[in-house]
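Build the full structure now, drawing on both the sequences and the hints.
Okay, here's what each chain looks like letter by letter:
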Amino acid sequence: NAGVTQTPKFQVLKTGQSMTLQCAQDMNHNSMYWYRQDPGMGLRLIYYSASEGTTDKGEVPNGYNVSRLNKREFSLRLESAAPSQTSVYFCASSEEAYINEQFFGPGTRLTVL
Amino acid sequence: QQQVKQSPQSLIVQKGGIPIINCAYENTAFDYFPWYQQFPGKGPALLIAIRPDVSEKKEGRFTISFNKSAKQFSLHIMDSQPGDSATYFCAARFYGKLTFGQGTILTVHP
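Chains A and C supply the protein sequences, listed in that same order. With the numbering used here, the residue at position 68 of the first sequence is 183, and numbering never jumps. With the numbering used here, the residue at position 2 of the second sequence is 71, and numbering never jumps.
Rather than coming from a laboratory, the hints here were simulated on the basis of the structure. All figures in this text were calculated on a predicted structure; none of them were measured in a lab. There's no promise every hint is true.
[Unchecked claim] Label-pair restraints from in silico Cβ distances:
#, chain 1, residue 1, chain 2, residue 2, range
1, A, Arg224, C, Ser134, 26 to 36 Å
2, A, Asn180, C, Gly129, 13 to 23 Å
3, C, Ile81, A, Ser182, 35 to 45 Å
[To be verified] With a Cα cut of at most 25 Å, we get these calculated SDA-like pairs of lysine to any residue:
#, chain 1, residue 1, chain 2, residue 2
4, A, Lys129, A, Ala197
5, C, Lys74, C, Pro179
6, C, Lys140, C, Ser79
7, C, Lys166, A, Val127
8, C, Lys111, A, Leu228
9, A, Lys186, C, Lys74
Backbone N, C-alpha and C fix where the C-beta goes; we use that ideal spot for every residue, glycine too.
Following this line, the structure appears as structure tokens:
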């Protein structure tokens, strides 16, 4: 089992460009999450999907959109990247949002120039 | 709005020492309090967790102490080793969503 995988590992964008971060899990989990990690800020929830077909905003959703493509995959899209979105992005999954621990992917380091 | 406050930001101990990391929370509806360990270039991994009806939980060298009335909880690492050098995050869960503390960078010198 690969667990939670994320692509790409690194990305450099120019201001205004768009991109999609991909996440997939092979643990048959129902819930998936996107976080961003910034120095001194911990991890902050961007969006989450409690189950296939549902998505909800987290603490910092502005400038992002998500798609729960199927049970395995949850993508994060930046429509018009801004320097403030320079961060490390983590995807996570859990069997059930209200009960179980979250498993994290290896992260995507994004720089917006 | 930061609902979980973690201290200290960084901590340096000698091998065998007992580093202690503290967290305080505001929302009394939090129902689960995990600690995550993160090594450079990796994603966070669950270390140990506690529910608010328990005052202490121990797993190997790691212990969580929980004080519900003070709305505080802490992580103790017994007999710390250089391999414990990492960033540690406390977190609290409400309605299925985790709120993380700011993180503590722990360095254990040989």
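Results of checking the hints against the structure:
1. A:Arg224 - C:Ser134: 26 to 36 Å: 35 Å Cβ-Cβ, so the 26 to 36 Å window holds.
2. A:Asn180 - C:Gly129: 13 to 23 Å: Violated: the Cβ-Cβ distance is about 42 Å, outside 13 to 23 Å.
3. C:Ile81 - A:Ser182: 35 to 45 Å: 43 Å, holds
4. A:Lys129 - A:Ala197: Judged against 25 Å, a Cα distance of about 8 Å means the pair holds.
5. C:Lys74 - C:Pro179: Answer violated: C:Lys74 to C:Pro179 is near 29 Å, above 25 Å.
6. C:Lys140 - C:Ser79: 22 Å, holds
7. C:Lys166 - A:Val127: Answer violated: C:Lys166 to A:Val127 is near 29 Å, above 25 Å.
8. C:Lys111 - A:Leu228: Distance ~24 Å between C:Lys111 and A:Leu228 Cα, so the pair holds.
9. A:Lys186 - C:Lys74: Distance ~34 Å between A:Lys186 and C:Lys74 Cα, so the pair is violated.
Consistency note: the structure conflicts with the earlier hints numbered 2, 5, 7, 9.
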